[in-house]
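A.B. asks: Start from the sequences and build out the full structure, keeping to the hints where you can.
There are 2 protein chains.
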Amino acid sequence: MAKLLDTCAHELMDTAPQIMQAIRMEMRRGRGSDISIPQFRSMAFIQGNPDSSLSNLAEHLGLTLPSVSKLIDGLVKQKLITRKESTADRRRLTLVLTQAGSSIVDSARTSARENLAQKLKLLSSDELEVIYQAMNFLRPIFAGQSKVTAHDFLRRTVL
Amino acid sequence: MAKLLDTCAHELMDTAPQIMQAIRMEMRRGRGSDISIPQFRSMAFIQGNPDSSLSNLAEHLGLTLPSVSKLIDGLVKQKLITRKESTADRRRLTLVLTQAGSSIVDSARTSARENLAQKLKLLSSDELEVIYQAMNFLRPIFAGQSKVTAHDFLRRTVL
DNA sequence: ATAATTAGTTAGCCTCTCTAATAATTAGAA
DNA sequence: TTCTAATTATTAGAGAGGCTAACTAATTAT
Numbered sequence: 001m002a003k004l005l006d007t008c009a010h011e012l013m014d015t016a017p018q019i020m021q022a023i024r025m026e027m028r029r030g031r032g033s034d035i036s037i038p039q040f041r042s043m044a045f046i047q048g049n050p051d052s053s054l055s056n057l058a059e060h061l062g063l064t065l066p067s068v069s070k071l072i073d074g075l076v077k078q079k080l081i082t083r084k085e086s087t088a089d090r091r092r093l094t095l096v097l098t099q100a101g102s103s104i105v106d107s108a109r110t111s112a113r114e115n116l117a118q119k120l121k122l123l124s125s126d127e128l129e130v131i132y133q134a135m136n137f138l139r140p141i142f143a144g145q146s147k148v149t150a151h152d153f154l155r156r157t158v159l
Numbered sequence: 001m002a003k004l005l006d007t008c009a010h011e012l013m014d015t016a017p018q019i020m021q022a023i024r025m026e027m028r029r030g031r032g033s034d035i036s037i038p039q040f041r042s043m044a045f046i047q048g049n050p051d052s053s054l055s056n057l058a059e060h061l062g063l064t065l066p067s068v069s070k071l072i073d074g075l076v077k078q079k080l081i082t083r084k085e086s087t088a089d090r091r092r093l094t095l096v097l098t099q100a101g102s103s104i105v106d107s108a109r110t111s112a113r114e115n116l117a118q119k120l121k122l123l124s125s126d127e128l129e130v131i132y133q134a135m136n137f138l139r140p141i142f143a144g145q146s147k148v149t150a151h152d153f154l155r156r157t158v159l
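Protein chains in written order, with the working numbering: chain A, 1 to 159; chain B, 1 to 159.
Rather than coming from a laboratory, the hints here were simulated on the basis of the structure.
These numbers were taken from a predicted model, which means no experiment stands behind them.
Check each hint, because a few of them may be wrong.
It does not matter which identical chain is used: a pair holds within one copy or between any two.
[Said to hold, decoys possible] Keeping only pairs whose Cα atoms sit at most 27 Å apart, straight-line, the calculated DSS-like set for lysine-lysine is:
(1) Lys119 - Lys3
(2) Lys3 - Lys121
(3) Lys84 - Lys70
C.D. replies: The following block contains the structure:
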């Protein structure tokens with residue numbers, strides 16, 4: 001039945017924004033490390049995937065290149081990351097966390113995690129298990145937004 | 001064990017933004033009804049809770065009053081909702097959807113729902129069931145951010 | 001009556017995200 | 001090889017989305 005599909009879609013549209021808002025607040029609460037969610041996500045990705053390029057990051061975040069470029073601008077201004085020129089391919093960037101950046105992303109992560117965990121304490125471990133599973137079903141579906149450009153599209157379908 | 005808590009927290013921080021990004025794109029894709037997620041959420045709430053005030057809406061969204069005030073500004077400019085003065089309490093607003101607003105929120109809802117459902121088709125109905133349950137566990141935890149003001153806090157704890 | 005609370009708005013700030021246009025470098029084809 | 005394509009990133013410009021702080025107006029409580 002298509003009913004469950006629609007219901008789930010509705011639930012997602014309803015719940016995801018609320019969770020985001022909560023996370024946003026948790027991130028702010030962890031004062032001392034005052035960064036936004038996209039900033040945190042960017043740094044976490046760079047930390048986990050050293051020497052990534054802007055494009056890599058953009059694809060991971062599901063954002064456009066200009067958006068990410070500006071996002072990185074902010075982080076560079078705060079000296080949390082640096083842009084390094086790649087020697088092999090001179091148009092390519094290599095993003096590197098500074099020491100400050102690394103420690104901030106660490107503390108932000110644990111702080112947000114603790115605050116969130118605090119909220120999740122209201123649930124039983126069975127319920128948490130369900131959530132854990134759900135996230136693992138959802139992540140692959142919504143990850144890697146594929147970023148099909150108009151040009152790619154034409155190339156694939158017309159040409 | 002506290003491990004599961006932390007893992008779930010981590011999964012949430014990881015997955016929620018991606019879902020949001022996908023929803024954002026789905027909303028845009030439903031061209032003709034070009035509204036943002038907060039705008040959609042506001043209108044949907046007003047549709048379901050007629051004659052709500054700004055404060056009601058702000059609490060539901062988990063946002064500050066000024067944020068919501070500005071948000072509503074935009075919708076009023078587009079003639080999707082109107083601010084009506086309440087006769088009983090003259091500082092209170094009553095938010096009302098215009099006809100245009102009502103039809104836009106309807107079409108945006110079905111469009112986004114269909115696009116999302118499309119993505120969810122990749123899952124089995126068992127997996128959907130898990131997601132459904134998870135959302136129902138999560139929603140109450142993250143809904144109604146309680147919005148404790150400094151003043152309230154002092155009043156409750158000190159006085 | 002006067003003080004405190006509540007409902008909204010305004011102003012100012014910064015981030016997020018997009019599209020469109022541009023520059024520089026590399027890869028591919030004629 | 002030369003000239004065209006594609007890739008990588010940036011800039012400019014615009015509109016939302018958030019927040020805090022400071023303010024007005026109306027209501028309630030003392």
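A.B. asks: May I ask which of the numbered hints given earlier this structure violates, with the numbers listed in increasing order?
C.D. replies: none
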